[in-house]
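Engineer: The primary structure of each chain is shown beneath.
Protein chains: 2
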Amino acid sequence: MREAFHDQLDSIFADLADVCGNVQQAVRLATQALLTGDAEKAEEVISADSVIDEATVRVEDNCFSLLSLQQPVAGDLRVIVSALRMVSELERMGDLSVHVAKIARLRVPAIAVPDQVRPTVARMAEVAEDMVARVAQIITERDVEAAIVLGRDDDEMDMLRRTSFSQLLSDDWEHGVEAAVDIALLGRYYERIADHAVSVGNRVVFVVTGQFPVSTEA
Amino acid sequence: MREAFHDQLDSIFADLADVCGNVQQAVRLATQALLTGDAEKAEEVISADSVIDEATVRVEDNCFSLLSLQQPVAGDLRVIVSALRMVSELERMGDLSVHVAKIARLRVPAIAVPDQVRPTVARMAEVAEDMVARVAQIITERDVEAAIVLGRDDDEMDMLRRTSFSQLLSDDWEHGVEAAVDIALLGRYYERIADHAVSVGNRVVFVVTGQFPVSTEA
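Residue numbers (full-length UniProt numbering), protein chains in the order written: chain A, 1 to 218; chain B, 1 to 218.
Source of the hints: derived by calculation from the structure; they are not laboratory data.
Just to be clear, a hint being listed does not mean it is correct.
Identical copies look the same in the list; a pair holds intra-copy or inter-copy alike.
With a Cα cut of at most 20 Å, we get these calculated EDC-like pairs of lysine to aspartate or glutamate [what the hints assert, rightly or not]:
no. : residue 1 : residue 2
1   : Lys102    : Glu126
2   : Lys41     : Asp158
3   : Lys102    : Glu191
4   : Lys41     : Asp154
5   : Lys102    : Asp158
6   : Lys102    : Asp155
7   : Lys102    : Glu40
8   : Lys102    : Glu43
9   : Lys102    : Asp38
10  : Lys102    : Glu178
11  : Lys41     : Asp53
12  : Lys102    : Asp49
13  : Lys102    : Asp7
14  : Lys41     : Asp171
15  : Lys41     : Glu126
16  : Lys41     : Asp15
17  : Lys41     : Asp10
18  : Lys41     : Asp153
19  : Lys102    : Asp61
Given these sequences and hints, build the entire structure.
Structural biologist: In structure tokens:
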């Protein structure tokens, strides 16, 4: 019974890592669409989101069947509920990539991100994608150390977001209100992707150790 | 056994309705702080968020103990997992109210919302608060009909958000980039509060009927 339980749990975590891989692909493509004004890539992200949604439903169904059939208690129970929450967060990260892609699409044939702020936005996107890639690895390897490091790296995203605000609020901002609003919202989307990545990493720590990292939200 | 289960479930739903009441208060106070530039009210929202966070942890603990002690299967299991998801969403709505309050605080002694766009923002806030109030009622009364109506009313929020964008991107926008960015982010926060309200309402439909309303996300 216990062995069957842990096999099924491993399979759920393998699926979570796959979903995370799809999310990473969505973040990467959405960023490419954004920085090059590529409508086709933007469409690709938007239509591929249904794949993430379907995979989410499958993981949820597997979690429920594991809960129903194995009737786990205490720790095991919390592990499966954590898996349910992880997949919700991954799905949300997919939605946020779609938001990025939609801003890209809205501005085609122009590019939403003016050169003045391009390095900041590109770095935000890079940090977000890197965090998602690391989460996939963290899920696969149940890597507690890497998850704790990930939680600390969130600071760079906060700093980048502040930089972007000071750029678009500075006197030499020449790109008007529309571009500024795009950048503010894009910053919010990438920041949320990073937040969710940290949160998913924390849930892996919980799954492995039974406790959340100190001073992080449950 | 079944009776004890349902008593405990009722108590969890009563707690969820209480948390929802706290969220409604947070949305209301954050909006007042925003529209009047009241730093004290903004602080109140920010510090009261810990009350919502603590209540969230209590609801989660009760859900886990119910799961562990009663070992529910199938439908009952999904009901408790729904409750766990509802409380996560309510907590998130509290966080979004804090974001609104922080924009208010940042601009004191000025008011973040220029008169030109005040009716739109005030209406967004009103719609959001009203949706949260209705969700509290929907949770208390397990009111499926009201939840379905709530899902449809989300359209007004979308329309208001579009209106706000056309106002701040119009040629007669005189309030510069900073105010525009504030409005765009505020719109996003209120929209997310409304989205979560709809989602919590849908979960009530699921809890009562075993199915989500047609054409809404799980």
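Engineer: Now tell me if each hint is right for this structure.
Structural biologist: For each hint, the structure was consulted:
| no. | hint | in the structure |
| --- | --- | --- |
| 1 | Lys102 x Glu126 | within (18 Å within a copy, 27 Å between copies) |
| 2 | Lys41 x Asp158 | neither (27 Å within a copy, 26 Å between copies) |
| 3 | Lys102 x Glu191 | both (17 Å within a copy, 17 Å between copies) |
| 4 | Lys41 x Asp154 | neither (27 Å within a copy, 29 Å between copies) |
| 5 | Lys102 x Asp158 | between (23 Å within a copy, 15 Å between copies) |
| 6 | Lys102 x Asp155 | between (27 Å within a copy, 19 Å between copies) |
| 7 | Lys102 x Glu40 | within (11 Å within a copy, 38 Å between copies) |
| 8 | Lys102 x Glu43 | within (8 Å within a copy, 35 Å between copies) |
| 9 | Lys102 x Asp38 | within (11 Å within a copy, 35 Å between copies) |
| 10 | Lys102 x Glu178 | within (15 Å within a copy, 23 Å between copies) |
| 11 | Lys41 x Asp53 | within (19 Å within a copy, 39 Å between copies) |
| 12 | Lys102 x Asp49 | within (12 Å within a copy, 32 Å between copies) |
| 13 | Lys102 x Asp7 | neither (39 Å within a copy, 46 Å between copies) |
| 14 | Lys41 x Asp171 | neither (34 Å within a copy, 32 Å between copies) |
| 15 | Lys41 x Glu126 | within (17 Å within a copy, 38 Å between copies) |
| 16 | Lys41 x Asp15 | neither (25 Å within a copy, 45 Å between copies) |
| 17 | Lys41 x Asp10 | neither (33 Å within a copy, 48 Å between copies) |
| 18 | Lys41 x Asp153 | neither (28 Å within a copy, 33 Å between copies) |
| 19 | Lys102 x Asp61 | neither (30 Å within a copy, 39 Å between copies) |
Violation of the numbered hints given earlier is confined to hints 2, 4, 13, 14, 16, 17, 18 and 19; the remaining hints are satisfied by the structure.
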